[in-house]
Amino acid sequence: MSDYREENKQHNNNPDPNYWRSFEELYRNEKTLEARHHEFADGVTDDFDPNENLSAISRRKFLALLGASAALAGVACSDYRDKGEIVPYNVKPEEIILGIPNYYASTCTACANSCGILIKTREGRPIKIDGNPEHPVNQGKICAKGQANILNLYDPERIQQPLKKTSTGFDTIEWNKSDKDIIAALSMAGSKEIAILTHTITSPTTVKVLDDFKVKFPSAKIYSYELFNSSNRNSAWLKCYGSGSFPLIKWNEAKVIVSLDSDFLGVEGNTVENKRLFAEGRDVNKKSFSRLYVVESAMTLTGINADYRMRLKPENQFAFVMSLMNELNKKGVISTSLSSEYNLESFVQKFNLDKEKVNHLVNDLASNKGKSIVYAGDLLPENVHIAVNILNDLLGNKTLYRNDSSEVNLINLSSLNELKELTDKISNGQVAAVIHLDCNPVYHFPNDLNYKNLLSKVPTVVTLTERMNETAQFSNYVLPINHNFESWGDAKTRTGLISLQQPVIAPLHNTRQKEAILLTWISTNPETYSETLYHDYLKNNWETNIYPTLKSKIDFKQLWFGALHDGFVLTNDSTSSVGSVNLAALNASISNVESNGMTLILRESYQVGDGRFANNGWLQELPHPVSKITWDNYAALSHNTAKSLNLENDDLVEVSVDGRKLTLPVFIQAGNADDTITIELGYGREFSGIVASGVGFNANSLLSSKPGLSNWIYTNASITKAGGKYPLASSQEHHAFDNPRIQDLHIKRHIIQEGTVALYEKKPDFIQEHRPKELESVYTPFQYNEMKWGMAIDLNKCLGCGDCVVACNVENNVPVVGKDQVLKSREMQWLRIDRYYSGSPDDPRVSVQPMLCQHCDQAPCENVCPVVATTHSPDGLNQMVYNRCVGTRYCSNNCPYKVRRFNFFNFRDHFRDGYQESSILTLMFNPEVTVRSRGVMEKCTFCVQRIEEARSEATRRGTPIKGTDVKTACQEACPTNAIQFGDINSKDSEFYKYRTHELGYYVLEELNVRPNVTYIAKLRNIHTEEL
Amino acid sequence: MNIDYSQEAPAIAGRLSLAEIEELVARPLDTKPDRKYFIALSISGSLLLIGAVCLAFSFYYGIGLWGNNQPVGWAVPIVNFVFWVGIGHAGTLISAILFLLRQKWRTGIARFAEAMTIFAVMCAGIFPVIHTGRPWLAGYLLPYPNQHSLWVNFTSPLLWDVFAVSTYFTVSLVFWYIGLIPDFATLRDRTTSKIKKTIYSIFSLGWRHSSRHWQHYEKAYMLLAGFATPLVLSVHTIVSFDFAVSILPGWHTTIFPPYFVAGAIFSGFAMVVTVLVFVRKIFNLENIITMDHLEKMNKVILATGMMVGYAYGMEFFIAWYSGVQAEQFVFINRAFGPYAWAYWIMVSCNVIFPQLFWFRKFRRSIPVMMVIVILVNVGMWFERFVITVTSLHRDFLPSSWAYYTPTIFDMGILLGSFGLFFTLVILFTKSLPVVSISEVKAVAEGAQPTHHGGHHE
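Residue numbers (the numbering used here), protein chains in the order written: chain C, 1 to 1027; chain H, 10001 to 10457.
Just so you know, these hints were derived from the structure itself, not from any lab. Owing to the predicted nature of the structure, the values given are computational and were not obtained by experimental measurement. Just so you know, even glycine gets a beta-carbon here, dropped at the ideal spot from N, CA and C. Be aware that a few hints might be false.
As the list claims (entries may be wrong) - Which chain C residues stay away from chain H? Per the calculated CB distances, all over 12 Å, these:
id, residue
1, K61
2, L98
3, D181
4, L238
5, N510
6, T524
7, G562
8, S589
9, N698
10, I742
11, K748
12, P764
13, E827
14, M851
15, E948
Said to hold, decoys possible - Restraint ranges, calculated between C-beta atoms of paired labels, are given here:
id, chain 1, residue 1, chain 2, residue 2, range
16, H, L10223, C, L63, 50 to 58 Å
17, H, F10038, C, T168, 54 to 62 Å
18, C, S840, H, W10341, 55 to 63 Å
19, C, S840, H, S10322, 29 to 37 Å
20, H, H10148, C, P93, 37 to 45 Å
21, H, F10059, C, L63, 42 to 50 Å
22, C, G694, H, W10341, 28 to 36 Å
Stated by the list, open to error - Not everything, but these chain H residues come out facing chain C in the computed CB check (under 8 Å):
id, residue
23, T10155
24, F10227
25, T10229
My request is simple: use the sequences and hints to build the entire structure.
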């Protein structure tokens, strides 16, 4: 106490007369006074000096250190897994802007049609395939297989290294070594044959490579084959007109189309083009309608779109055409001196055809001379094609043959006899090497060629393929080749046009382009190979061989880059016009097949083609356009046939023809001809990947090298119950036809509203009569004053093909769920094509209807979600908030359209042991669309990511977004433009016409949920007003 | 029959003295469980375990293990939920509504019925959570403030359910506990075990049987009974809204609230009878839970069963009368479609068999009533199945129809819920007085002052 008094005395300070808080202050201690001017005491705010004692650390520093160390400890101890780095481009490629897709024109090689495609890439990854809008053939559209081809690129089961067969299996081998071995083997072939097997070659440059190969190895021979081909049509044309190449058809200009067992809308020819042209001829806005007659054995996609459909076994088609011709001759419509042993009346009686329909057909053909076309299917024998050619000729229908373009065959397909010669040569040891150029003959060839076993007699068997298959399994070398999107190429399938193919991604694996492999062998030096080998060759071939024929005014480089940009070049080939018909061809081919037994028809699969796409889950899960069955093929029988054999759906049966047997399940297909068995090929693949394995039955075993009625149709087949069941997974429940409670419900409930052209002409607003009045709401409804999205689907144009479904899958990262889940009715497709039958099981009327989220104004799903995970946007979209979704499924229960899809599992993990979670498949995802997790509801979003993309683009432009700025994925893919999308409030738009169309209606309108998808009622072009 | 209506029938039989009542009820709590008890517990425990395993698989792999599919978004789990909520109706009805109506016969069964209510609601409460696709996010169903400003959707009946069921559970639990307080005090006073004494002391909240306590207690009990009464009606009304508020034919029906409440009482009473028949036998409570009580319960079952039957008929009438095709189809499809088997199980169990209760002999026959009440339980489970599944499996668009088949996991979880219920019931019988000692004493002969001045001979 004395201290501070002493101190204060020293400073001689007087006591402060006012307030004091301490004695120091009272006695005016200077230090204290000084301290009063500082907020904090000394040392509290000092900077930390490491030289000083740590205890002198300031309070702030201490807190900062405490915080930092806690944060560090937190970071260090957290369970953070490094999921790889996201590194921006160090050197940004000039053409890539992050987040902005690039599009490259190329050519699709999924089948031999070589459509032009536009590949959308994001940050260098191809993520979506669309048709090239400028391509003259497919005009911006591409089929389901072409769309799904993207999955084949990223398929984790692609072979990633060259393989060499050893005693225990396959070992990887260096390219250099395999090339060396093979070159040695080829060089030593001498006079022994080197057989090159391939599918249709559509590339002129590949043909040149093969020519070079033949020059280098003179004993080489090319065998080109297709499981399904138009050889019968070709030979008929050869006999009728002296040229095997047949013209394309102006489907759009035909007034009457008679399709005889032809599925030109489904699997025959360039279906993308056929569908577009066919739909052009049925335009409700132009009020012009062609009339489609279909006379067929199996219910096909073409058949379900027929105005009149009749069932006929394929062996009777010839007699049918002849009777028809005779009848027209009798009526004086045509004049011909053909034999009169065919009588339409007795034919109709004998085969129990509908007399009225046949009369309509005869009259329509008579009154539409030059505007009608009779078209026979690829599967039918040559004589039907000859008869049809002559009938068309006599009716003057040659005007409907297109003269702007005709088919081009660069290499003619080998006939069955040539293939037999090959197998004979192999068994005689005359073949040194077999090279399978991306084809699978062990699977495709008829078993009686014994090709599989004969391969062991060939010293060197080389298979160039993307993934393992039946043929690769029996090869000495399996060489992995580049996918479509990793390859260079060109394609010429018809006159007037060459398409170009360019890679959009570097090869994902250690693969090579198949032509480059051949070129390396031709050079006989494994070191010749370089990544640009074929690119240079292609360019060179174009410069020297193709460029001069184009007679272009610009220099080659410019033309080349221009062509790559466009994806094609137009050429000025001459198109041979169809000459006069050789009537004698018919007399030579008259033959009558009498058969009373069953007829077996082997058809191409709608989904997986000839089996090439068997490992593609999206296609396997795409419902069959008619039967709606996924993941399987089956023996389709008619209702009556099944009844007489006492068979039900899913019963296993044994189908046998000439001793060839196959056990598979039965499916009763309404509308099939009695006593026919229809089986689709392309299934039952072995060694072909985890997706394809165990799917369907290999009905190729029923093929024979000795054709029946044709290569695909065999009479005198038989079918017996094998006992047991095999469940077929259908995306739609099959309902009994004879149950009055559920029959025609889609009509009673106004889900499907249809009329006839005649009725429409008389009373254009007949649909509006059934429409319920709009109800008053007790609430003030939300006013959509600005933008409101809507869709219109023209059911006159919708054929039910399902191309849109696959487009939606690709765009929206929809997972494959597998057969077991389809059986449980848990498909994930956001868009489905509903198919309804009405009438009798023999002669059903079929209606199709794409069904997707209707984005109702008064969406019943929205008000029942307890957590507001589904909401409405001010521009009329029904939205899903995945993060918020708990998964009560109440929304789905309350959705009258049942378009919501629930992730019952993590389907990517559940399907085939997590096959879809393979890291390479994740490259395929559209980065703009969330990948949904387990337990979350999802549904069609009207491609909201595209809307947002368009909106930001509009913002960048500084203009308001317009309805025409956005195209949904389904709309883009629809080959017939049946789907329209746009702004409902834009009254001057094209879309508005669809929205307010007099044939427009909403599905389940009476529920007052106010859907935003308008359906334009389908009109049937029949002779009566009533359906 | 000569029945003297001038005299009130005694609520308990056997002229038990107050001490005897106490002894009878409290004895099971003083003795060690016997072998039979452990056998019963192990059976119910095994069922519970089966359910737990099935649930664990469902959590791990996803609810795809169940049979639910695209049109049938709700199936067995929701059926179980509604079933158990229904079972949970008898308890509060007996304890609250019958209390307010001064039904003395309720005293013998109220405690047990209330306990069953609580256990049943616990069983029920599991299902709304586990049936969701992402049960770990079930908290989103609660309106809690959060930085996202995300709120729940008050127009969704599922949210009303959350409130209705949790309120019902809380009130039932409090009501049950209040009733237990005097008994806890009795047990506290009886027991010699130190641990038990401590526990009972805590739970008896210092009860000293003073008149003041009794006065407060009676008032509180009365108020809670009044509070619980509307809840009995509201819970199942709101559960029925889950269906009735939707637009699905077969669900979208205004008759649902009364129909569901009647059905709930029906099934709840059936379950109470099922269990009580065993309990009175095992614990020698025949004098407290008398045949008269069971008969009265059976009468309620008969009455509510006919209400339910009326609703079944009325649904058909309204469907026909509405003229709506989809509506008519749903009901015809129920009776004659792919799920006709379920429909006819429901009708026969719920409407036809209970008609036997018109006969006094059957009402008072233990074997007959056992068969009938079990059938009623089965029938009521199927009623919910019929409502939920048959309406969903064939709705508006025939293209999306599909058949639903429950899987082994669905059934395992159903068994598990029974396991949970019976495990709790079995544990309850040995840890708490299964009959309200104080209430039964109050209705024992001579316990209350009468006009006759004591005993009447």
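Now for the hints, and whether the structure bears them out:
No beta-carbon of chain H comes within 12 Å of the beta-carbon of K61/C; the shortest separation is about 32 Å. The Cβ of L98/C lies farther than 12 Å from every Cβ of chain H, with a closest approach of about 28 Å, so its non-interface assignment holds. Look at D181/C: its CB is around 48 Å from the nearest CB on chain H, clear of 12 Å, so calling it non-interface holds up. Look at L238/C: its CB is around 46 Å from the nearest CB on chain H, clear of 12 Å, so calling it non-interface holds up.
Every C-beta of chain H lies more than 12 Å from that of N510/C, the closest at about 37 Å, which supports listing it as non-interface. Chain H leaves T524/C outside its interface by the beta-carbon criterion, the shortest separation being 57 Å against a cut-off of 12 Å. With a minimum CB-CB distance of about 48 Å to chain H, G562/C clears the 12 Å threshold, and the non-interface call stands. Every C-beta of chain H lies more than 12 Å from that of S589/C, the closest at about 45 Å, which supports listing it as non-interface.
Every CB of chain H lies more than 12 Å from the CB of N698/C, the least distance being 30 Å, so the non-interface label holds. At roughly 7 Å from the closest C-beta of chain H, the C-beta of I742/C falls inside 12 Å, breaking its exclusion from the interface. Distance check for K748/C against chain H: the nearest CB is about 6 Å away, which does not clear 12 Å, and the non-interface claim fails. At roughly 27 Å from the closest C-beta of chain H, the C-beta of P764/C stays outside 12 Å, upholding its exclusion from the interface.
Residue-level check failed: E827/C sits 7 Å from the nearest beta carbon of chain H, not beyond 12 Å. Listed as outside the interface, M851/C is inconsistent with that label: its C-beta sits roughly 7 Å from the nearest C-beta of chain H, within the 12 Å cut-off. Look at E948/C: its CB is around 21 Å from the nearest CB on chain H, clear of 12 Å, so calling it non-interface holds up. The hint said 50 to 58 Å for the Cβ distance between L10223/H and L63/C, and at roughly 54 Å that hint holds.
The beta-carbon spacing between F10038/H and T168/C, approximately 60 Å, falls within the hinted interval of 54 to 62 Å. Checking the proposed 55 to 63 Å range against S840/C and W10341/H shows it is violated: the Cβ atoms sit about 30 Å from each other. Restraint check, S840/C to S10322/H: a C-beta distance of roughly 31 Å satisfies the suggested window 29 to 37 Å. H10148/H and P93/C have their C-beta atoms about 38 Å apart, which keeps the hinted 37 to 45 Å range intact.
Take F10059/H and L63/C: their Cβ atoms lie about 43 Å apart, and the range 42 to 50 Å holds. Taken as a hint, the range 28 to 36 Å holds for the pair G694/C and W10341/H, whose Cβ atoms sit roughly 33 Å apart. Of the supplied interface hints, the one on T10155/H holds, with its beta-carbon coming within about 4 Å of a beta-carbon of chain C, less than 8 Å. Given hint, F10227/H at the interface with chain C, is violated; its Cβ is 26 Å from that chain's nearest Cβ, farther than 8 Å.
A distance limit of 8 Å between C-beta atoms decides the matter here; for T10229/H the minimum to chain C is near 27 Å, and the interface restraint is violated.
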